[in-house]
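Asker: For reference, the chains in residue letters:
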Amino acid sequence: MNREFRDEDIRDLLGTVVGSEPPMNIDRASVIQAGKRSLRRRRLAAGAGVAAGVVAVALGATALAGPSALFGGPDLGPAGPGPTMTSTTGPASPETTRPPYSTTTTRTSPSTDAPAARIALPANDPKTASVLSQYNAAYSAANPLPHWAEPLPRNPRFEAADGGLRLEAELKDSQGLGAFRIEVFKTVSPSVGQPCRSASTAAVVLTCEPVDLGEMPDRRRVNGFFSAIKTAAEITHTMTMWRPDGIEIVATSTNTRLGIGGVSRAGPTLSKASLRQVVLTPGFVPW
Amino acid sequence: MAADRDSEFAEYMESRANVMRRTAYLLCGDWHRAEDLVQIALTKIYVAWPKLNRNGSVDAYSRQVLVRSAIDESRRAFRRRETPVDALPEVPADARRIDEAMDVRKALAALPAGQRAAVVLRYWEDLSVEETARAMRCTQGTVKSQAAKGLAALRKLLSHTEVFDNPAGKTVFEEQR
Numbered sequence: 001m002n003r004e005f006r007d008e009d010i011r012d013l014l015g016t017v018v019g020s021e022p023p024m025n026i027d028r029a030s031v032i033q034a035g036k037r038s039l040r041r042r043r044l045a046a047g048a049g050v051a052a053g054v055v056a057v058a059l060g061a062t063a064l065a066g067p068s069a070l071f072g073g074p075d076l077g078p079a080g081p082g083p084t085m086t087s088t089t090g091p092a093s094p095e096t097t098r099p100p101y102s103t104t105t106t107r108t109s110p111s112t113d114a115p116a117a118r119i120a121l122p123a124n125d126p127k128t129a130s131v132l133s134q135y136n137a138a139y140s141a142a143n144p145l146p147h148w149a150e151p152l153p154r155n156p157r158f159e160a161a162d163g164g165l166r167l168e169a170e171l172k173d174s175q176g177l178g179a180f181r182i183e184v185f186k187t188v189s190p191s192v193g194q195p196c197r198s199a200s201t202a203a204v205v206l207t208c209e210p211v212d213l214g215e216m217p218d219r220r221r222v223n224g225f226f227s228a229i230k231t232a233a234e235i236t237h238t239m240t241m242w243r244p245d246g247i248e249i250v251a252t253s254t255n256t257r258l259g260i261g262g263v264s265r266a267g268p269t270l271s272k273a274s275l276r277q278v279v280l281t282p283g284f285v286p287w
Numbered sequence: 001m002a003a004d005r006d007s008e009f010a011e012y013m014e015s016r017a018n019v020m021r022r023t024a025y026l027l028c029g030d031w032h033r034a035e036d037l038v039q040i041a042l043t044k045i046y047v048a049w050p051k052l053n054r055n056g057s058v059d060a061y062s063r064q065v066l067v068r069s070a071i072d073e074s075r076r077a078f079r080r081r082e083t084p085v086d087a088l089p090e091v092p093a094d095a096r097r098i099d100e101a102m103d104v105r106k107a108l109a110a111l112p113a114g115q116r117a118a119v120v121l122r123y124w125e126d127l128s129v130e131e132t133a134r135a136m137r138c139t140q141g142t143v144k145s146q147a148a149k150g151l152a153a154l155r156k157l158l159s160h161t162e163v164f165d166n167p168a169g170k171t172v173f174e175e176q177r
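Going down the list, the protein sequences come from chains S and L.
Per the UniProt record's numbering, the very first residue in the first sequence carries number 1; after that it's consecutive.
Per the UniProt record's numbering, the very first residue in the second sequence carries number 1; after that it's consecutive.
No lab work stands behind these hints, which were simulated from the structure alone.
Note that the Cβ used here is the ideal one computed from N, Cα and C, for glycine as well.
Treat the hints with care, as some may be off.
[As the list claims (entries may be wrong)] SDA-like cross-link-like pairs, simulated, lysine to any residue; straight-line CA separation at most 25 angstroms:
{"#": "1", "chain 1": "L", "residue 1": "Lys-144", "chain 2": "S", "residue 2": "Gly-261"}
{"#": "2", "chain 1": "S", "residue 1": "Lys-36", "chain 2": "L", "residue 2": "Ile-40"}
{"#": "3", "chain 1": "L", "residue 1": "Lys-44", "chain 2": "S", "residue 2": "Val-50"}
{"#": "4", "chain 1": "L", "residue 1": "Lys-106", "chain 2": "S", "residue 2": "Asp-12"}
{"#": "5", "chain 1": "L", "residue 1": "Lys-44", "chain 2": "S", "residue 2": "Met-24"}
{"#": "6", "chain 1": "S", "residue 1": "Lys-36", "chain 2": "L", "residue 2": "Asp-72"}
{"#": "7", "chain 1": "S", "residue 1": "Lys-36", "chain 2": "L", "residue 2": "Glu-8"}
{"#": "8", "chain 1": "L", "residue 1": "Lys-51", "chain 2": "S", "residue 2": "Gly-49"}
{"#": "9", "chain 1": "L", "residue 1": "Lys-51", "chain 2": "L", "residue 2": "Glu-11"}
{"#": "10", "chain 1": "L", "residue 1": "Lys-51", "chain 2": "S", "residue 2": "Ala-48"}
{"#": "11", "chain 1": "L", "residue 1": "Lys-106", "chain 2": "S", "residue 2": "Arg-6"}
{"#": "12", "chain 1": "L", "residue 1": "Lys-44", "chain 2": "S", "residue 2": "Gly-49"}
{"#": "13", "chain 1": "S", "residue 1": "Lys-36", "chain 2": "L", "residue 2": "Val-58"}
{"#": "14", "chain 1": "L", "residue 1": "Lys-149", "chain 2": "S", "residue 2": "Asp-7"}
{"#": "15", "chain 1": "L", "residue 1": "Lys-106", "chain 2": "S", "residue 2": "Val-18"}
{"#": "16", "chain 1": "L", "residue 1": "Lys-106", "chain 2": "S", "residue 2": "Ala-48"}
{"#": "17", "chain 1": "L", "residue 1": "Lys-44", "chain 2": "S", "residue 2": "Ile-260"}
{"#": "18", "chain 1": "L", "residue 1": "Lys-44", "chain 2": "S", "residue 2": "Pro-151"}
{"#": "19", "chain 1": "S", "residue 1": "Lys-36", "chain 2": "S", "residue 2": "Gly-267"}
{"#": "20", "chain 1": "S", "residue 1": "Lys-36", "chain 2": "L", "residue 2": "Asp-59"}
{"#": "21", "chain 1": "S", "residue 1": "Lys-36", "chain 2": "L", "residue 2": "Gly-56"}
{"#": "22", "chain 1": "L", "residue 1": "Lys-44", "chain 2": "S", "residue 2": "Gly-261"}
{"#": "23", "chain 1": "S", "residue 1": "Lys-172", "chain 2": "L", "residue 2": "Glu-73"}
{"#": "24", "chain 1": "S", "residue 1": "Lys-172", "chain 2": "L", "residue 2": "Thr-43"}
{"#": "25", "chain 1": "L", "residue 1": "Lys-156", "chain 2": "S", "residue 2": "Gly-19"}
{"#": "26", "chain 1": "S", "residue 1": "Lys-172", "chain 2": "S", "residue 2": "Thr-207"}
{"#": "27", "chain 1": "S", "residue 1": "Lys-36", "chain 2": "L", "residue 2": "Ala-60"}
{"#": "28", "chain 1": "S", "residue 1": "Lys-172", "chain 2": "S", "residue 2": "Pro-153"}
{"#": "29", "chain 1": "S", "residue 1": "Lys-36", "chain 2": "L", "residue 2": "Arg-68"}
{"#": "30", "chain 1": "L", "residue 1": "Lys-144", "chain 2": "S", "residue 2": "Asp-12"}
[What the hints assert, rightly or not] Listing some non-contacts, in silico: residues in chain L with all C-beta distances to chain S over 12 angstroms:
{"#": "31", "residue": "Asn-18"}
{"#": "32", "residue": "Asn-55"}
{"#": "33", "residue": "Asp-72"}
{"#": "34", "residue": "Pro-112"}
Chain S with its partners taken away, still in its complex shape:
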């Protein structure tokens, strides 16, 4: 030890370390964007927390009021006929009618010129459950996502939707979050036409090209199409696989938040190559 440290010495020493600094690479705009995203998330979480709190308080109050309040109060016996009332209007209809459940499927991929009719999976059917479990098993056994894209929720699952299967999640990487979706349908016959025309007039088709997706075990070709469509600042990458057996798998990645909307990043999380891997992952799972 040659001499004691004084405060100024230490400051000088630390100064030598930062003396030769490289140019700043922080993008101001992206910091503000990240801040806005974080703010939105906090507001959403706060809203959800308040709602959960209200439900908890309501349940707690009901529970404190006793089991009679929870289960509808004491048995008061059958109601009497009540006072006679006259009305100038006719009686209300004894039945309410609900509009029939729509079986129309809505494509989230760009519209096709000639979409083939779909064979809808019946809801609450053992066959649907079986197909669901097969696709869930196929995707969880061979995770098709690139290592840098973390799905939220961590283990997204297929659900029966619009007569087919749908898996929805957000993918997180260093640029932020973007919506991701896989849809599986069965069609009467393989679709034809280019799925690159958007319903929106403001949409700009950035890419629209056929993709070779190999062949089935019986050597029939599997056709595919990749499109990149920009609508205002929103960009959607879509890979559509049409198998000769009528199975259609559509994988979509965007630069917007799932369910929230709003552009959250410069481009979609997954590229063409990643989406190709996604549609090829289940192999030839039967329907």
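Starting from the structure of chain S, add chain L where the hints point.
Answerer: What follows is chain L alone, placed relative to chain S:
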């Protein structure tokens, strides 16, 4: 309203980002990681901007986030091993200053994250013990002991280097090679 927030925040960022990056670099020892830390801090500042701006506590909050993030990072297994490089980035400087800087960098890298934060905040940011304790979220006693231990370790590591006129002209790290 949002535009005001953005423009005020942008001004703050413009004026403080470089200062924050230097502090972050002293805390973590890597310019890229330092930029990551600054981005984390700036994002959090943006979220809390109205309150911080009202209280005039933006800088204090930014130091707090930088220190907490740097300590959290250092606890991660893959960050524990410091990997000092032999070359300093770009800007030309005389050879002696480079040697000094390398020695101090290596000595700083050898300090535990808490000691390093205490030394940087006390002697680089020139904060009082009380302010340092607030930034590190610990007691003033902890700050004093961490700073004292950090200085003692630096003294030991640098005692045989050119930084303190070692006649042999060899650094501790050169001897280790």
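Asker: So, for every hint listed, does it hold in this structure?
Answerer: Quick rundown of the hints versus the structure:
Restraint check for L:Lys-144 and S:Gly-261: the C-alpha separation of about 50 angstroms exceeds 25 angstroms, so the hint is violated. Distance check on the hinted pair: S:Lys-36 and L:Ile-40 sit about 13 angstroms apart at the alpha-carbon level, within 25 angstroms; holds. Restraint check for L:Lys-44 and S:Val-50: satisfied, since their Cα atoms lie roughly 22 angstroms apart, inside the 25 angstroms limit. A hinted pair counts as satisfied when its Cα atoms are at most 25 angstroms apart, and L:Lys-106 with S:Asp-12 qualifies at roughly 16 angstroms.
For the hint linking L:Lys-44 to S:Met-24, the alpha-carbon distance of about 19 angstroms falls within 25 angstroms, and the restraint holds. This hinted pair checks out: S:Lys-36 and L:Asp-72 have alpha carbons roughly 24 angstroms apart, not beyond 25 angstroms. Simply put, S:Lys-36 and L:Glu-8 have alpha-carbon atoms about 14 angstroms apart, close enough for the 25 angstroms limit, and the pair holds. Our distance criterion of 25 angstroms between C-alpha atoms is met by L:Lys-51 and S:Gly-49, whose separation comes to about 21 angstroms.
Between L:Lys-51 and L:Glu-11 the alpha-carbon distance is near 17 angstroms, which keeps this suggested pair within the 25 angstroms criterion. Distance check on the hinted pair: L:Lys-51 and S:Ala-48 sit about 23 angstroms apart at the alpha-carbon level, within 25 angstroms; holds. A threshold of 25 angstroms between alpha carbons decides the hint, and for L:Lys-106 with S:Arg-6 the separation of about 20 angstroms falls inside it, so the pair holds. A threshold of 25 angstroms between alpha carbons decides the hint, and for L:Lys-44 with S:Gly-49 the separation of about 20 angstroms falls inside it, so the pair holds.
Among the hinted pairs, S:Lys-36 with L:Val-58 is consistent with the structure: their alpha-carbon atoms are about 18 angstroms apart, no more than 25 angstroms. Between L:Lys-149 and S:Asp-7, the direct Cα distance comes to roughly 15 angstroms. Compliance with the 25 angstroms bound is thereby established for this hinted pair. A distance of roughly 13 angstroms separates the Cα atoms of L:Lys-106 and S:Val-18; the hinted pair therefore holds under the 25 angstroms criterion. Simply put, L:Lys-106 and S:Ala-48 have alpha-carbon atoms about 48 angstroms apart, too far for the 25 angstroms limit, and the pair is violated.
A distance of roughly 21 angstroms separates the Cα atoms of L:Lys-44 and S:Ile-260; the hinted pair therefore holds under the 25 angstroms criterion. Restraint check for L:Lys-44 and S:Pro-151: satisfied, since their Cα atoms lie roughly 23 angstroms apart, inside the 25 angstroms limit. Taken as a hint, the S:Lys-36 and S:Gly-267 pair is honoured in the structure, with Cα atoms around 17 angstroms apart against an allowance of 25 angstroms. Simply put, S:Lys-36 and L:Asp-59 have alpha-carbon atoms about 20 angstroms apart, close enough for the 25 angstroms limit, and the pair holds.
The hinted pair formed by S:Lys-36 and L:Gly-56 meets the criterion: a straight-line CA distance of about 21 angstroms does not exceed 25 angstroms. A C-alpha spacing of about 22 angstroms is found between L:Lys-44 and S:Gly-261, which places the hinted pair at or below 25 angstroms, so the restraint holds. The straight-line distance between the Cα atoms of S:Lys-172 and L:Glu-73 is roughly 20 angstroms, inside the 25 angstroms bound, and the hint therefore holds. Simply put, S:Lys-172 and L:Thr-43 have alpha-carbon atoms about 17 angstroms apart, close enough for the 25 angstroms limit, and the pair holds.
For a cut-off of 25 angstroms, the pair hint linking L:Lys-156 to S:Gly-19 stands: about 23 angstroms separates their Cα positions. Annotation: proposed proximity of S:Lys-172 to S:Thr-207 holds, straight-line Cα distance about 24 angstroms (limit 25 angstroms). Simply put, S:Lys-36 and L:Ala-60 have alpha-carbon atoms about 22 angstroms apart, close enough for the 25 angstroms limit, and the pair holds. At most 25 angstroms may separate the alpha-carbon atoms for a hinted pair to count; S:Lys-172 and S:Pro-153 meet this at roughly 10 angstroms.
At roughly 22 angstroms between alpha-carbon atoms, S:Lys-36 and L:Arg-68 fall within 25 angstroms of each other, so this suggested pair holds. Restraint check for L:Lys-144 and S:Asp-12: satisfied, since their Cα atoms lie roughly 21 angstroms apart, inside the 25 angstroms limit. A Cβ of chain S approaches the Cβ of L:Asn-18 within 12 angstroms, the least distance being about 6 angstroms, so the stated non-interface status is violated. The Cβ of L:Asn-55 sits about 18 angstroms from the closest Cβ of chain S, beyond the 12 angstroms cut-off, so the non-interface label holds.
Distance check on L:Asp-72: its Cβ is at least 17 angstroms (rounded) from any Cβ of chain S, clearing the 12 angstroms threshold; non-interface status holds. Distance check on L:Pro-112: its Cβ is at least 17 angstroms (rounded) from any Cβ of chain S, clearing the 12 angstroms threshold; non-interface status holds.
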